[in-house]
Structure formats: C-alpha cells, structure tokens
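Colleague: Make a model of the complete structure from these sequences and hints.
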Amino acid sequence: TGEDKTNTNNPVMAAEPGTFEQLPTGTEFQTFDPQHPTTAFKDFTKSIIRSIASSLNISYTTLANDLESVNYSSIRQGALEERNYFQCEQYKITRNFHDIVYANWLEMVLLTDLLNGLPASKFPKFNQPIWRARGWQWIDPKKEVEALKVGVENGFLSHQDVQASYGRDVEDVFSQIQSDKELAEKFGIQLAFEPFGQKQIQQNEPKEVEEEEEK
225 TGEDKTNTNN
235 PVMAAEPGTF
245 EQLPTGTEFQ
255 TFDPQHPTTA
265 FKDFTKSIIR
275 SIASSLNISY
285 TTLANDLESV
295 NYSSIRQGAL
305 EERNYFQCEQ
315 YKITRNFHDI
325 VYANWLEMVL
335 LTDLLNGLPA
345 SKFPKFNQPI
355 WRARGWQWID
365 PKKEVEALKV
375 GVENGFLSHQ
385 DVQASYGRDV
395 EDVFSQIQSD
405 KELAEKFGIQ
415 LAFEPFGQKQ
425 IQQNEPKEVE
435 EEEEK
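Here the numbering used here is used: the first residue of the sequence shown is 225, the next is one more, and so on.
Honestly, the hints are just simulated from the structure, not real lab data. Note that this is a predicted model, so its numbers are computed, not measured. All clues given are correct.
Each computed EDC-like pair below joins lysine to aspartate or glutamate, with the alpha-carbon atoms no more than 16 Å apart:
(1) Lys405 x Glu418
(2) Lys266 x Asp290
(3) Lys349 x Asp323
(4) Lys270 x Glu292
(5) Lys270 x Asp290
(6) Lys373 x Asp385
(7) Lys266 x Glu292
(8) Lys346 x Glu331
(9) Lys349 x Glu331
(10) Lys373 x Glu418
Modeller: Below you can see the structure in the form of structure tokens.
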C-alpha cells in the first residue's frame, strides 16, 4: 500500500480485508491471501507471555496454563523456582506487614487493658507470633515424602520443618493424630498404621528391682 515510489507504472491500491475494487478493463485478478501475522501469532503470543512470566518471577506454564511442550523435569524445576520466590515474598510480607500490625495491636490492647488485666510488661513475651503461610503439594509426592522421611531420620529436618512445608503446625498435627487414635479406640477400631514408627514398649529398669528381691 502507499505511494508508488519505484515509478514502474504499476497501479497501487490499498488492500483491506472484506473490500473489493472495480478493476479496469483488461485487468486480471490474482488471488491475494496473506498469511502474516496469523501464522506467527501463536509464537508471538508465547514470546510475550514468557517475557511477562519472567518479569513476575513465575514459570510460563503457570501464567499461561500451557502444558503443551513441558516434561516432568522442566515443570518440576519451574515449580521449585517459583515456589522459592513465593516463600521469599511470604517472608517479606510477614516481617514487613503482619509483625508490625500484630505488635501495634498487642501494644494497644495491653495499654487499654482489653485482655483481662494482662500487664503491659508482658509485651515482649507475647510479641513473638508464629505465622504459618500456605504450603504446596509436591509434583511427585512419593519421592518428596521419602526424602522428608530420610531428612527427619537423619536429623537434618524436624517434624516442624516437615509440617511447615505443607503450611501446617506440628502441634496441630500431633493433636489431630491423638484425636484420631482416641476416636478409633472409642469405636473399637484398630488402626492399620502407626505414625512415627512402631510403638516402643516402655520397659522399667529391672536391675534395681532384681537387687531388692535378692536382698
């Protein structure tokens, strides 16, 4: 389209979709079917979304919801990287927002005696909140759980570390397990598994008892 700058005496027309012009006598119409940018639109869109995902520190598959060309290794690596970023953001929000709001609230209620006479001198003791951010389910749960189990058995991880990775508190989990046991005993149901390994039979110290019997 535009002005004929080559001066070849060829007529130039502005062609637009859905429009037709009357051709001069003796002119033959040749089919004009441009494929650009339709053929490159998909790749163009992917490139734009990848750039946006990179700037947001998340994976392309998460932002675009596109699992067309991913495999186990790539999607796992992408998920681990973005979860690490999310955990950093959770930490920053906790320290820069939740802790500040909680400290201001606690100071206010202590000074205004809204906690049933709790003295303001207890502020340092109670100004130690623990925040539990959400966790994530793993891509390969069996392998990840086995890795956590090995970490706990070798002392690299605590039960609190394991539960925190799922966004839960270990005290709540222990309480739920104990509640399940009590409920099963109430209904006469024997659980087919024992969390945290086999029950250890409590053994009294037999040496002192045997010595007293001999005397």
